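Asker: Got chain A; can you put chain G with the ligand on it based on the hints?
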Amino acid sequence: MDVAAIRRDFPIFDKGDCIYFDNAATAQRPKQVLEAIEGFYRSTNANPLRGLYAWGVGATEAYEAARARAAKALNAADTAELVFVRNTTEAINLVAYSYGLETVKEGDEIALSVLEHHSDLLPWQMVAKAKGAKLRFIEPEKDGHITEEAVAAAVNEKTRILALTQVSNVLGTASPLKKAAELIHAVGGVLLADGAQGLPHMRTDVQALDVDFYAFSGHKLPGPMGIGGLYGKRKLLEKMQPFLRGGEMIEYVDRESATYAELPHKFEAGTVNAADAVGLAAAFDYIDDIGYEAMEAQETELVRIILEGLKDIPHVQVYGPADAAEHHGIVCFNVEGCHPHDISSVLDEEGIAIRAGHHCAQPLMEFMQERLSMEFRATARASVAFYNTKEEAERFVDAVSKLRRWLGFGD
Amino acid sequence: MEIKELYREIVNEHNLYPSHKKETEAPDLVLKGVNPSCGDDIVLMLKLDAEGRIADGSYTGSGCAISQASADMMLDLILGKTKEEALKLADDFMDMVRSTADPEQIEALEEAAALESVSHMPARVKCATLGWRTLREMFEQKEG
Ligand SMILES: Cc1ncc(COP(=O)(O)O)c(C=O)c1O
Chain A
406 MDVAAIRRDF
416 PIFDKGDCIY
426 FDNAATAQRP
436 KQVLEAIEGF
446 YRSTNANPLR
456 GLYAWGVGAT
466 EAYEAARARA
476 AKALNAADTA
486 ELVFVRNTTE
496 AINLVAYSYG
506 LETVKEGDEI
516 ALSVLEHHSD
526 LLPWQMVAKA
536 KGAKLRFIEP
546 EKDGHITEEA
556 VAAAVNEKTR
566 ILALTQVSNV
576 LGTASPLKKA
586 AELIHAVGGV
596 LLADGAQGLP
606 HMRTDVQALD
616 VDFYAFSGHK
626 LPGPMGIGGL
636 YGKRKLLEKM
646 QPFLRGGEMI
656 EYVDRESATY
666 AELPHKFEAG
676 TVNAADAVGL
686 AAAFDYIDDI
696 GYEAMEAQET
706 ELVRIILEGL
716 KDIPHVQVYG
726 PADAAEHHGI
736 VCFNVEGCHP
746 HDISSVLDEE
756 GIAIRAGHHC
766 AQPLMEFMQE
776 RLSMEFRATA
786 RASVAFYNTK
796 EEAERFVDAV
806 SKLRRWLGFG
816 D
Chain G
673 MEIKELYREI
683 VNEHNLYPSH
693 KKETEAPDLV
703 LKGVNPSCGD
713 DIVLMLKLDA
723 EGRIADGSYT
733 GSGCAISQAS
743 ADMMLDLILG
753 KTKEEALKLA
763 DDFMDMVRST
773 ADPEQIEALE
783 EAAALESVSH
793 MPARVKCATL
803 GWRTLREMFE
813 QKEG
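The listed protein sequences derive, respectively, from chains A and G.
Numbered according to my numbering, the first sequence spans residues 406 to 816.
Numbered according to my numbering, the second sequence spans residues 673 to 816.
Okay, chain A solo, but in the shape it has when bound (with noise of 0.2 Å):
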């Protein structure tokens, strides 16, 4: 892969000043996806599935053939399964409300795992507490992974919803998706993939992994803010209520009452961000281009160099797995006497730029806290993707070498 013609395609690399390793928060984005926004605005913008004059029929149908780039990029069997949402939280939340909500009863229970992003925690628990149900943890390791015989231990014939993240947005390891469906399945119950670190990382069928629901974020990928995409099989969505209501999401509305439109668009209530999915179909594009298999060699390459480097530096402590390529671009790390938010300020000043803190999933700083003496409850959290270069890895693994130094230790 030619990560120099890559990055060029990256118009912010042109600033020059910054290691980007906080891809795990936010990609960047090419060019293409720049222009297939600006593209839209410039030459097709009408409010989609309103005008029924041909700049209107022109957005709706650049709308909708966003909506199949992306449910061919997941493998839906069908397009209208595709529910296009603002990100992945908002994704859950709507699962919560209008399946959780209905289904769960008193008495019965929701499995989770202390990997979840809080995004995948709070409407459970919101849910766990209106219903009267109860939230069951799945364990992982200690180094982050979930065994099938976890995901079996937790799930039960009272189970009606098991959540699990594709990959963890902390240690990096991804979930038996597969056999947890099976599991669930076998209880009558349904699977809601977390897919917002997975779906950047690894291509994702969900037929073949037979989730139930899929929730994803548009930039993550390289795609734009403030568009992801909620898949769900069309026998769930169908029997759902709508999540929020007003209009483009009705069939026919009296005074008293309103029937609802067919799907996807009776989840997508107002108007919708035409653009951002125009964008968010052209970062598919892209990643097609490039080929998963080579964006995965690559950030598998980097954490290799990173993993290997931060070995060697004495009051390094790395979380996770020990082979490169179960981390999927995502490296949490410790120096000891050092807090994460002065490790990330220093390297800051170094022009490297990472996440530290909690990254959102606090029950599982507890859990890493005991389980792996960890002296704050927070962690350094380098995140890489394929346009990040060999160099960067390198110069970040020599800037953590100095980082007790810079914190006045005399070592």
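Derived from the structure by calculation, the hints contain no laboratory data.
Computed from a predicted model, the values in this text were never measured in an experiment.
Treat the hints with care, as some may be off.
In the DSSO-like style, the derived pairs of lysine-lysine whose C-alpha atoms are separated by at most 30 Å in a straight line are [what the hints assert, rightly or not]: (1) 760(G) / 719(G); (2) 798(G) / 694(G); (3) 436(A) / 420(A); (4) 676(G) / 420(A); (5) 716(A) / 676(G); (6) 563(A) / 640(A); (7) 719(G) / 704(G); (8) 795(A) / 676(G); (9) 716(A) / 640(A); (10) 798(G) / 807(A); (11) 807(A) / 676(G); (12) 644(A) / 510(A); (13) 807(A) / 693(G); (14) 798(G) / 704(G); (15) 753(G) / 798(G); (16) 638(A) / 539(A); (17) 420(A) / 798(G).
Answerer: The following block gives chain G with the ligand in isolation, referenced to the frame of chain A:
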């Protein structure tokens, strides 16, 4: 001041070798302050004398170097001061990290004035002010 220089000149010393990070026996005022987004926390403990001066005080806690060092420097400043004097210093400090302090205010902050550069690090302002915010809240609660 550059960030690494700030750490080297002042933060590291107060973070790694604090003067006031310990328990105070039988404190008159105790309050825990937290930065929910970072997980920084400190417990501030003060003892007041008959005239209402801060006769003794200390803090305990865990968090980033800036929050801990700033709390240590705050105690350097407020020991021996009245409540009004201490709260005036808190105002000076808050103004400083918001870039609205005049030179006189900054001078009053003595060594803690080195944290002025935090005003260019918006993400760290909350860390630097944790001790001072806890101090303010502590006196407010005492009034209430
Ligand atoms: C695993 C995981 N789930 C959910 C989210 C939430 O994504 P968003 O903020 O785009 O809704 C994120 C990212 O922040 C994430 O990493």
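Asker: Determine for every hint whether it applies to the structure shown.
Answerer: Verification of the hints:
Between residue 760(G) and residue 719(G) the CA atoms are separated by roughly 19 Å; this keeps the pair inside 30 Å, and the hint holds. At roughly 22 Å between alpha-carbon atoms, residue 798(G) and residue 694(G) fall within 30 Å of each other, so this suggested pair holds. For the suggested pair residue 436(A) and residue 420(A), the alpha carbons sit about 15 Å apart, so the restraint of at most 30 Å is met. For the hint linking residue 676(G) to residue 420(A), the alpha-carbon distance of about 23 Å falls within 30 Å, and the restraint holds.
For the given pair, residue 716(A) sits about 24 Å from residue 676(G) by alpha-carbon distance, which is consistent with the 30 Å threshold. Note on residue 563(A) and residue 640(A): the hinted pairing holds, with a Cα-Cα distance of about 21 Å set against a maximum of 30 Å. Taken as a hint, the residue 719(G) and residue 704(G) pair is honoured in the structure, with Cα atoms around 15 Å apart against an allowance of 30 Å. The hinted pair formed by residue 795(A) and residue 676(G) meets the criterion: a straight-line CA distance of about 25 Å does not exceed 30 Å.
As the CA atoms of residue 716(A) and residue 640(A) are separated by approximately 49 Å, the hinted pair breaks the 30 Å bound. Using a Cα cut-off of 30 Å, the hinted pair residue 798(G) and residue 807(A) holds, with the two alpha carbons roughly 26 Å apart. Between residue 807(A) and residue 676(G), the direct Cα distance comes to roughly 11 Å. Compliance with the 30 Å bound is thereby established for this hinted pair. Straight-line distance between C-alpha atoms of residue 644(A) and residue 510(A) comes to about 17 Å, which keeps the hinted pair within the 30 Å bound.
Our distance criterion of 30 Å between C-alpha atoms is met by residue 807(A) and residue 693(G), whose separation comes to about 27 Å. Restraint check for residue 798(G) and residue 704(G): satisfied, since their Cα atoms lie roughly 15 Å apart, inside the 30 Å limit. With a C-alpha separation of about 24 Å, the suggested pairing of residue 753(G) with residue 798(G) holds against the 30 Å cut-off. For the given pair, residue 638(A) sits about 25 Å from residue 539(A) by alpha-carbon distance, which is consistent with the 30 Å threshold.
Our distance criterion of 30 Å between C-alpha atoms is met by residue 420(A) and residue 798(G), whose separation comes to about 29 Å.
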